Every structure is written in structure tokens, then in C-alpha cells.
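J.: The primary structure of each chain is shown beneath.
Number of protein chains: 4
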Amino acid sequence: MGKHAVIVVDMLKDNLESEEHFGIAQEGRKIIPRIRELLETARTLGMPVIYACDSFLPGDFIFKGRMKPHSLRGTEGAKVIDELAPRPGDLILEKRRMSSFFKTDLDLTLNTLGVETILVTGIATPVCVLLTAMDGISYGFKAVIVEECTAAHKPEIHRATLDLYCKTGMYPLLRIMKLDEILAEIKP
Amino acid sequence: MGKHAVIVVDMLKDNLESEEHFGIAQEGRKIIPRIRELLETARTLGMPVIYACDSFLPGDFIFKGRMKPHSLRGTEGAKVIDELAPRPGDLILEKRRMSSFFKTDLDLTLNTLGVETILVTGIATPVCVLLTAMDGISYGFKAVIVEECTAAHKPEIHRATLDLYCKTGMYPLLRIMKLDEILAEIKP
Amino acid sequence: MGKHAVIVVDMLKDNLESEEHFGIAQEGRKIIPRIRELLETARTLGMPVIYACDSFLPGDFIFKGRMKPHSLRGTEGAKVIDELAPRPGDLILEKRRMSSFFKTDLDLTLNTLGVETILVTGIATPVCVLLTAMDGISYGFKAVIVEECTAAHKPEIHRATLDLYCKTGMYPLLRIMKLDEILAEIKP
Amino acid sequence: MGKHAVIVVDMLKDNLESEEHFGIAQEGRKIIPRIRELLETARTLGMPVIYACDSFLPGDFIFKGRMKPHSLRGTEGAKVIDELAPRPGDLILEKRRMSSFFKTDLDLTLNTLGVETILVTGIATPVCVLLTAMDGISYGFKAVIVEECTAAHKPEIHRATLDLYCKTGMYPLLRIMKLDEILAEIKP
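Protein chains in written order, with the numbering used here: chain Y, 1 to 188; chain H, 189 to 376; chain D, 377 to 564; chain U, 565 to 752.
None of these hints come from the bench; they were simulated from the model.
The structure presented is a predicted model; accordingly, all values stated were derived computationally and were not measured.
Take these hints with a grain of salt, some might be off.
The list that follows gives simulated cross-link-like pairs (lysine to aspartate or glutamate, EDC-like), each with its CA atoms no further than 16 Å apart [unchecked claim]: (1) U/Lys632 x U/Glu583; (2) Y/Lys103 x H/Asp295; (3) H/Lys291 x U/Glu658; (4) U/Lys667 x D/Glu561; (5) D/Lys543 x U/Glu720; (6) H/Lys342 x Y/Asp163.
When you get a sec, could you build the whole thing from the sequences and use the hints?
T.: Rendered as C-alpha cells:
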């Protein structure tokens with residue numbers, strides 16, 4: 001299977017501690033313990049842990065729709081929540097759009113570290129999580145969306161995304177996996 | 189609304205005239221008349237028409253999964269089907285991955301032509317169509333997925349994708365629209 | 377002329393305060409007062425100031441040659457020198473390669489801020505400075521290399537670069553300008 | 565040394581057969597025999613040969629300076645000159661800017677083909693040739709500028725570029741080599 005890395009997408013204070021985004025805050029908080037479980041194993045095994053974090057400017061195009069400015073670069077709200085606080089040696093990646101690869105050096109970093117498979121966790125399943133997984137494949141990495149470690153603003157949206165992408169033409173480069181399955185795969 | 193362009197994704201001989209990909213060939217052929225209808229209006233109005241076409245190398249990473257090599261660069265199968273044959277003045281874009289923007293000059297072309305909104309048509313809805321629309325937004329373009337001009341290998345997969353993405357945080361930068369709605373919007 | 381921004385390239389502790397890179401440290405320190413002069417005017421006029429800073433990983437490809445690891449991500453040596461310390465509102469950009477645009481969101485940032493012309497300062501003239509200016513043009517920005525605000529490890533290398541690129545086919549999208557000339561241009 | 569590929573940059577009819585660009589046409593034609601010599605050896609050894617060709621749109625930003633529109637996409641002038649006509653199996657890459665890597669899939673192609681070192685030939689030495697070599701390094705490839713197989717609009721400009729970049733911090737990832745030296749290196 002080659003070397004794995006965990007990517008934690010957008011588990012930020014503005015998303016999870018704000019009343020502005022009620023659904024995603026509620027659903028997103030539910031997956032914290034499962035992400036912690038995965039991170040603990042990952043760190044024990046020496047796997048890279050990368051936090052991909054929205055880091056917007058107020059004038060960004062994506063705020064031209066109905067989404068209000070949030071997770072602004074340099075603000076407290078753009079930081080990872082305390083429960084998942086990065087440890088020394090983890091990498092923090094500021095991203096400007098939905099995919100963690102869009103105009104970032106994530107592909108360089110993964111290649112430099114010898115990573116072959118990315119385990120995508122965080123929020124939200126149909127957007128930043130899915131697009132990170134898909135771009136990962138475009139850049140030459142296998143991608144796993146970890147079922148219990150990802151969430152959308154409604155459970156049925158999360159479920160629908162997993163059902164839609166569990167068996168595309170990209171399978172098994174793209175896999176939807178249970179946490180137990182992926183833990184079994186990465187443990188020596 | 190600003191200037192629109194039509195993007196026709198992967199309506200290629202290897203996808204639509206091959207027995208290898210039965211589902212997508214069958215469903216994809218059904219949308220040909222509606223894409224022709226949109227293209228006719230677009231050309232009458234002087235809108236840019238861009239064909240984004242898979243153009244793979246045999247060793248490409250995306251063939252490391254279960255997808256067999258197809259739409260290889262330079263082969264007949266990588267050409268647009270005759271029913272939608274490009275006209276003089278149309279642009280043809282060879283792409284190596286799912287999104288029409290991935291390592292192509294599509295964003296430069298759209299900006300040079302003054303395009304603000306892309307109308308995404310073709311196949312398949314949950315993958316190349318969706319990722320083209322989403323990347324379009326990342327690059328600063330409004331994106332419309334035209335319902336009757338897109339298809340997946342099964343009608344229920346097409347439907348599920350539209351339902352999932354009809355009202356994301358990206359709305360109305362991302363819109364799912366009926367052909368009649370978009371025709372009404374672009375007609376002077 | 378449209379809106380300008382100043383880009384300060386690689387004026388970092390590891391480059392300017394280390395005995396490892398004697399030539400560039402010596403020559404680079406000479407331009408500090410002139411960059412300060414430009415930054416003072418820029419800030420008075422409300423122009424964006426962007427620090428583009430090498431931020432490498434130890435295993436990066438560019439260290440496979442004769443260049444030793446330096447300016448490593450997260451270390452003190454990768455920080456801007458105190459004499460040019462960023463102010464609140466300035467932007468800091470971590471880059472992994474020579475051009476400030478390579479796998480960064482600099483083009484997005486400049487477009488979001490309405491910038492049309494970049495004033496490139498810092499080190500070293502024939503590599504990171506030139507490549508930032510040239511990539512700027514590729515992304516649609518006019519670029520100015522400010523003569524007294526840039527340096528190479530030897531004065532004759534700096535001079536040779538300016539002479540070589542003062543009148544290319546890119547002129548006047550690419551201009552080599554004296555500090556006085558550019559100050560006259562940007563002052564209202 | 566790993567696998568090599570030859571990249572032939574901008575040896576196009578509009579550059580070499582036009583009276584518009586007198587200097588580059590004259591100097592560029594002089595290197596044709598040496599490029600042919602390299603290509604012959606490359607093909608004998610099964611090395612990939614890639615033609616990177618300007619393919620502009622009339623409204624492109626780079627024509628906002630003093631450079632007049634040329635090498636327009638789809639025109640005869642954007643084709644490789646007959647003396648260096650691509651053979652079956654060669655790859656042709658349409659580029660929109662100076663570097664052969666800018667918004668193209670060249671890095672994907674080189675990685676898919678297992679290439680480690682690019683041999684850059686063509687015109688013009690200080691711009692498209694140099695930027696292709698430098699971007700090559702940024703993408704993780706060793707780069708060689710082949711002295712007798714590259715040219716600028718004046719011999720002294722060509723010479724000055726080679727002198728400037730023969731021993732940068734990138735050496736030996738970037739090398740300026742004589743044709744004989746590189747032929748000796750690639751021959752088994």
C-alpha cells in the first residue's frame with residue numbers, strides 16, 4: 001500500500017465553534033473523537049499529519065455567493081480547533097479554495113515525504129473533502145475518504161456523498177473506508 | 189450575468205461509441221440532442237464553445253485502478269463524436285485528468301475571452317462535469333451544470349449528483365439549471 | 377498604470393545573517409535601506425506589501441544539487457530579517473521553489489487585491505527575483521525589477537542580469553527601473 | 565543519470581520563417597543542424613522528444629507589450645518548421661506562455677514517461693529556454709541547456725545568458741552543456 005498521510009480538512013474554529021454554521025458545527029464536532037483516534041495511530045506509526053485549513057481574504061471570489069466571509073487569514077477563527085491541535089512535526093497548510101491542492105504545495109510535500117496514499121478527514125464531505133480526494137488522484141496519490149472521520153452539515157448529505165463516490169471509475173484509487181478498515185490497513 | 193461559455197466535457201468516441209462503457213455510452217447518447225440545442229444558441233449568440241477532451245497517455249496514473257486505457261492522445265477514440273463535431277472557431281482542449289482545468293490553460297482562455305460564467309455539459313455528472321464546475325469556481329468563474337445536457341452511467345447517479353450539489357455553500361456561484369432556464373438567461 | 381504591489385523576495389535570516397552564503401549576505405544587506413525606502417512609500421500609499429519567503433523541507437529536490445538545506449519551514453532562519461520586519465496588514469507567503477508564484481496563491485491574492493503591477497525587490501536578481509517577475513507576467517501582471525532594491529551574490533552578476541533583461545520581447549510588461557523612477561511613478 | 569528527454573522549444577514557422585523577427589530567425593536557423601543531430605541520437609536511443617510550441621490567442625496578455633501577435637493557435641505559423649518536423653511517437657505541447665511547464669501537462673508527461681533529466685533546446689535562450697529549464701527544476705527534473713542547440717536574437721545575448729546561469733546555486737541540477745558532452749553522457 002505504500003506510505004500513508006492523514007489530511008485533516010477545515011476542522012477550524014470558525015466552522016466548528018460558530019453559531020453561523022449550525023449544521024456543520026454540530027455534525028463536525030461529532031467526528032472529533034474518531035479523527036483523534038486516527039491521528040493517534042498515525043503519529044505512533046510516524047505517518048505525516050497535514051492540516052489543510054481555509055485561509056481566505058475578505059474579497060475572495062467564493063464569498064461572492066451566499067457564503068459569508070469566515071476563516072480569514074491571520075484570524076483566530078482560521079485556526080484548528082483545540083481538540084485537534086497540531087503537534088510539533090505536523091504540517092499546516094493554508095488553502096484559499098476548496099481543494100487542499102489548489103494553489104498549494106501539498107503535492108510537492110507529499111512527494112517529498114514519499115507518501116502514496118492520503119487519508120482524507122474533516123469537513124465537508126461533498127465539497128472540500130471530496131475535492132481534496134479527487135485532486136489527490138489527479139496528482140498521482142491514492143485517496144481514502146474515511147467514513148466516520150468526515151461529515152457534512154446534514155448526516156444524509158454525508159451519506160449520499162459516500163454512496164455516490166464509493167464505486168466510481170476511480171475505484172480503487174479512490175476508496176471510501178470505515179475507520180476500522182483503514183486502521184487495520186495501516187497497522188504493521 | 190456577464191459573458192457565458194459552453195464547455196462540452198468528454199463527449200468522445202471512446203466513451204460513447206464503445207461497448208466497453210455500456211452505461212455511459214447509452215446515457216451519454218441521450219443528451220446529444222440537448223447539447224446540440226444549447227450549442228446552436230451559443231454559436232448564434234457568439235458565445236465561446238470549448239470542447240474539453242480526455243487525452244491520456246497509456247501509463248497515466250488514473251489507469252492504475254480498474255479503468256482501462258481509453259481516449260489515448262492522438263487516437264481516433266479521443267475525438268469528439270461526429271454529432272457534436274467542433275466548428276471553426278471552437279476551441280479544443282486536451283486534458284489529462286478529470287477536471288477540465290487541471291494542468292490546462294482553460295482559465296487563461298476564459299479570462300482572455302472575457303467569460304464570467306461557464307455552462308458545463310457532457311459526461312459524467314459526478315466526476316468530470318462536477319470537478320470542472322467546482323474548479324471553475326476556484327478559478328473565479330460562476331458555473332452552471334446544465335441538467336439535461338449532462339449524464340452519468342446510470343440515471344439515478346446523475347440525479348443523485350444534481351440533488352447533492354443543487355444547494356451547497358457555493359450557491360449561486362454553482363447552479364444546477366434546466367436547459368430552458370439557461371436558454372432564457374442567455375438569450376438577449 | 378493601475379494598482380501596484382511590492383514583493384520582497386527571500387530577505388531572510390538564513391540568507392543574510394549566515395556566513396554560509398557570504399556573497400549574497402554581503403550584497404543583500406546593502407539593499408536593505410533602499411527596500412525600506414520603497415516600503416515606506418508603499419505603505420503610505422496603501423499599496424499591498426507581500427513577503428515571499430523560501431520555506432523548504434529538508435528533503436526538497438532543490439537540495440539535491442550543491443545547495444545545502446536552509447530556510448527550512450518553521451525555523452528562525454526562514455523568517456524575514458528584523459530590519460524589514462513585516463507590519464500588520466502585510467502578507468507573508470511561504471514558497472517552496474524559486475518563483476514566488478510556484479504552487480502558491482500569489483496570483484489569486486494579487487487579483488483579489490486589484491493589483492496590476494508588481495514591484496519585485498530582494499534576492500537574488502538572476503534567480504528568484506527574475507523568475508518571480510517572469511511568472512508575474514505569465515499570470516497577467518506587469519512586472520518591475522527595482523534596480524537598487526535587488527542584489528545577487530556578486531555585483532557583476534546583478535548588473536549582467538539587469539542588462540540581459542532590460543529590453544526583451546516582454547518589454548514594457550517587464551521593466552528594469554531605478555528606485556527614483558518607480559517612486560515617481562507611484563506617487564500621486 | 566536516469567532517463568533523458570529532449571524538449572524543442574518554439575522552433576516554429578512564425579519565429580524562423582518570418583521577416584518580422586529578423587534576429588531570432590537568423591540565429592535560430594543556425595542551430596537547426598545541431599538540434600537534428602541531437603534528435604537523431606535521442607530517437608535512436610528511444611528517448612522521448614517533446615515539441616513545446618507557442619500557441620497563443622490574439623488577446624493574450626503577453627501581446628499587451630511591444631510583441632505583436634504571432635504563433636496563433638491553429639495557424640500555420642504556430643507549426644514546427646519542416647526541417648525539424650515531429651515524427652510519429654513525438655509529443656507536441658501547445659503552450660500559452662514562456663515556460664513549457666506553465667499551465668501544461670508537461671510535468672505529468674515527463675513523470676509518466678520516467679524522465680529524470682530534460683535537455684532543453686530551441687529559442688530563445690534567456691526567455692523560453694531558460695524558464696523551461698528553471699521550471700523543470702521546480703517540478704523535480706534535472707535540466708540541461710544545450711549550448712549549440714539554443715539561440716537568442718543576438719549571439720552576445722545567447723552567450724551572456726549561458727555565462728550568467730552556468731554556475732548558479734542550482735548547479736548541477738541546472739547545467740549548461742556542449743552538445744558533444746551531452747551526447748557522450750546519453751550514449752550507452
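J.: Would you mind confirming whether the straight-line C-alpha gap from H/Lys342 to Y/Asp163 stays at or under 16 Å?
T.: This hinted pair holds, its Cα atoms lying about 14 Å apart.
J.: Does the structure keep H/Lys291 and U/Glu658 at a Cα separation of 16 Å or less?
T.: The hint holds at about 12 Å.
J.: Between U/Lys667 and D/Glu561, is the straight-line Cα distance small enough, at 16 Å or below?
T.: Violated, because 32 Å separates the two Cα atoms, which is more than 16 Å.
J.: Hey, Y/Lys103 versus H/Asp295, does the alpha-carbon distance stay inside 16 Å?
T.: Distance ~13 Å between Y/Lys103 and H/Asp295 Cα, so the pair holds.
J.: Is it true that the CA of D/Lys543 sits at most 16 Å from the CA of U/Glu720?
T.: Holds, at roughly 14 Å.
J.: Within 16 Å, alpha carbon to alpha carbon, are U/Lys632 and U/Glu583?
T.: Holds, at roughly 13 Å.
Taken one by one, the earlier hints fail for this structure only at number 4.
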